[in-house]
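Enquirer: Chain order of the listed sequences is A and B.
Heads up: the first sequence begins at 1 in the working numbering, then just goes up one per residue.
Heads up: the second sequence begins at 1 in the working numbering, then just goes up one per residue.
Keep in mind that the hints are not guaranteed to be accurate.
[As the list claims (entries may be wrong)] List time: in silico BS3-like cross-link candidates among lysine-lysine, alpha-carbon distance up to 30 Å:
1. B:K313 to A:K225
2. A:K138 to A:K398
3. A:K93 to A:K398
4. A:K363 to A:K306
5. B:K313 to A:K152
6. B:K56 to A:K102
7. B:K66 to A:K152
8. A:K47 to A:K388
9. A:K438 to B:K56
10. A:K225 to B:K116
11. B:K56 to A:K93
12. A:K273 to A:K225
13. A:K102 to A:K152
14. A:K225 to A:K363
15. A:K102 to B:K235
16. A:K93 to B:K66
17. A:K47 to A:K169
18. A:K169 to A:K138
If you are wondering where the hints come from, they were derived from the structure by calculation, not from laboratory data.
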Amino acid sequence: MIRNRKRGIALSAVAGASVLAVVLAGCAGGDTSPDAGPAGFDPEGAKGQDITFWVMGGDTPEEARQYLIDQYEEATGGTLTIQQQDWTDALTKLTNQLPDAKNTPDVTEIGNTWSPTFTTAGAFSDLSPIYEDLGGDKLLNSFVEVGEVDGKQYALPYYFGSRYVTYRKDIWSAAGLEVPQTLEEFNSAVASLRTDAQSGFYIGGQDWRNGVSWVFANGGELAEKDGDTWVSTLSDPQTITGLEQFQALFQDASNAPSTEDDSTPWVNINNDKDGAAPSAATIIAPGWAHWSIGDYVGDDDKGNEKREWNDEVFGVFPLPGTTAGEPAPVFAGGSNIAISAKSTKQAGAKELLRIIFSDEYQKLLAKNGLGPANTDFVGELGDDQFAKALVDSALNSKLTPAAPGWAAVEGQKILEEFFGKIAEGGDVKALAEEYDAKIDAIING
Amino acid sequence: MTTTVASRPVSPPAGRTPQPRRRNWAPYLLILGAAVVLLLGMGYPVVWQIVTSFQKYGALQQLGGKAPDFVWFDNYIAIVHNGTFWAVTVRSVVFCVVTAAITVVVGVLMALLMTKVPAVVRFVLQIALLLAWAMPVIAAMTVWIWLFDRRRGVVNYLLNLIPGVDVGQFNWIGTTPELFFTVAGIIIVWMSVPFVAFSAYAGLTQVSGEVLEASQLDGAGAWQRFRYVMFPVLKPVIAIVLLLNLIWDLRVFAQITLLQDAGPKSTDYDLLGTYIYKTGVAGFDYGAGAAMSIFVLAITIALSWFYVRSLIKEETS
């Protein structure tokens, strides 16, 4: 249902003259309405506030960062400092610094799956008074939901990404294979392509973020809410079906180590510098990976290989679902954004959000291949094959359970361990029960 | 000990003013600085850790959503019943004993080598050891991970050059935990040998050349010269470096974490340091993490206590 609605939005997405745009344009001039108290925007209070914004990893492009700095200065006269954090230790840094008013970032990007842990613990400010002004219903629904507690928004979507399949057209057609219409066809096609030197489909054993698509596609879930408590559902029949498919897929189609996760799958699908054959015929990767896939065209000045996409050799498609014509639900990549509850500069922080959710910034994100938080601008992603695969797979994507303890489940690498053991050929049902117990112990925080 | 003795009121001999006692304040003042720094730097975290180990302290508590509840010994009881924790503990102890022992043996051999080679070679050797010792862990690990990389690693490349050997893209760190810890052990030995080698070499310079020569004339072989002439001199040095290495290798963290980042994330590949981090910090169970750390602290103190006692014995004898 949600999918159809979003697809409708996407298809009709023509940038522009929405009511929202008018509202935001009006706001940009300076909201001087007398009732703008501390709960909503407070442009007066924001005057001259110097704030800090944490971005995670290098996904936010330089152009967008500069835009934010300039616009923030124009709006408030204050300085915006953007600090980039590493994804790997961001979770620890956030837990250490958010509670500390002196060291907290005022605004922070946050991994979408971590949102529930932080929002339920009260780490973020209530954004419900400005939610409508920032886009309301138009913001990507699943991301808004993970940031909600009792109907109030504490974290909003920042951008979304998605995973889709990249395949070697040359290898697939040499084997007489066509783009698969169902997940079953996909599984058997990639299994037939495996040789000792080549993975039919390269997927690491620990790579649960991609492997979970087989669970989702079969109607399975990682966890479900039962009344007030979250329960791990790895042992549910549908989840088991998906996990067994993943096990078969890993063993029949992938030469990757069972101890590998989703680090850099694209190195496997490229021919190497000297033209030697690739070690994989098919991979699944986040949308931006296509910049690293293609023919070798020399090194850049830092010595990194440059790759140029070649339509003759490479192609993309969304991972097919169990019924033809329907993409499998993949794990939605992306981030949320929130204001630290401990920040002493709430007014400035809200002004920054106003800039981030403005039409111009949303377009800027989309232009750079990041799925915009405001679905009105999905069309701005373009209409090339990458944008199409991104949008098609994203619209059917799912998030991890919005449970308070989910960040702990990820932090303890429980799913990496679980999927790794399944990939090694372990007994799926027994493992599922064992890890259900482990997850149940911490999923409710 | 010093404090009790010094602060005991000394009755001065009759007829003399207690003036000299005033001067006794100077040592206290001097100690005060170190004591304050120690108390703030070490005492505060330790106290916090002890308190936290008695609390239910998770993400909610850390982020200010809820005040921590005192649960007294619940965290400790949970540890006792946690089979994974004991498996990790046993693994850590075995790992630290083996790596520390190998480190000390290799280090002493290096020191002996240094006494035998010409000055120029010794100089080169010492510089090489110093560089290995001074290398930041992250930089060294980047190189080590590359050496053992399955695709472009030097180890696989060299092995494949040997005629008749084809290891292909053998996965050194992600195949079995045993292999993973062998690689980790090699890296840690490499990082710790220089310290042992320098300490042992310094000790060896104390061995009198005349005695060595005399024993040689008396017909002592190389092993006997080492066992009966050099070893007694080296013994205290070896004892302290062995203890230090045991402690370092027990709480090893960075090397294991970085190796895990390059591959296996499963708890089967954890040692105490990474397991505590995983549960306590990344897994938001600060209470359990603190309790486990206290346990490791206890092991460390027990180890050191053993050493300190033998040291005192030696000094008094």
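Enquirer: Each hint: holds or not?
Expert: Hints and how they fare:
1. Distance hint between K313 (chain B) and K225 (chain A) is unfulfilled; the C-alpha atoms sit about 63 Å from each other, more than 30 Å.
2. Annotation: proposed proximity of K138 (chain A) to K398 (chain A) holds, straight-line Cα distance about 18 Å (limit 30 Å).
3. For the hint linking K93 (chain A) to K398 (chain A), the alpha-carbon distance of about 26 Å falls within 30 Å, and the restraint holds.
4. A C-alpha spacing of about 27 Å is found between K363 (chain A) and K306 (chain A), which places the hinted pair at or below 30 Å, so the restraint holds.
5. With a C-alpha separation of about 68 Å, the suggested pair K313 (chain B) and K152 (chain A) falls outside the 30 Å cut-off, and the hint is violated.
6. With a C-alpha separation of about 25 Å, the suggested pairing of K56 (chain B) with K102 (chain A) holds against the 30 Å cut-off.
7. Proximity of K66 (chain B) to K152 (chain A) is assessed by CA-CA distance (about 19 Å); at most 30 Å being required, the pair is judged to hold.
8. For the proposed pair K47 (chain A) and K388 (chain A), the alpha carbon gap of about 42 Å is over 30 Å, so the pair is violated.
9. As the CA atoms of K438 (chain A) and K56 (chain B) are separated by approximately 18 Å, the hinted pair is consistent with the 30 Å bound.
10. At most 30 Å may separate the alpha-carbon atoms for a hinted pair to count; K225 (chain A) and K116 (chain B) exceed this at roughly 71 Å.
11. Restraint check for K56 (chain B) and K93 (chain A): the C-alpha separation of about 21 Å stays at or below 30 Å, so the hint holds.
12. Proposed proximity of K273 (chain A) and K225 (chain A) is contradicted: the alpha carbons are some 50 Å apart, above 30 Å.
13. Proximity of K102 (chain A) to K152 (chain A) is assessed by CA-CA distance (about 26 Å); at most 30 Å being required, the pair is judged to hold.
14. For a cut-off of 30 Å, the pair hint linking K225 (chain A) to K363 (chain A) is broken: about 36 Å separates their Cα positions.
15. Restraint check for K102 (chain A) and K235 (chain B): not satisfied, since their Cα atoms lie roughly 51 Å apart, outside the 30 Å limit.
16. Only pairs whose Cα atoms come within 30 Å are accepted, and K93 (chain A) paired with K66 (chain B) is accepted, the gap being roughly 20 Å.
17. Taking the CA atoms of K47 (chain A) and K169 (chain A), the gap is near 56 Å; set against the 30 Å cutoff, the hint is violated.
18. Taking the CA atoms of K169 (chain A) and K138 (chain A), the gap is near 37 Å; set against the 30 Å cutoff, the hint is violated.
Hint violations for this structure: numbers 1, 5, 8, 10, 12, 14, 15, 17, 18, all remaining hints satisfied.
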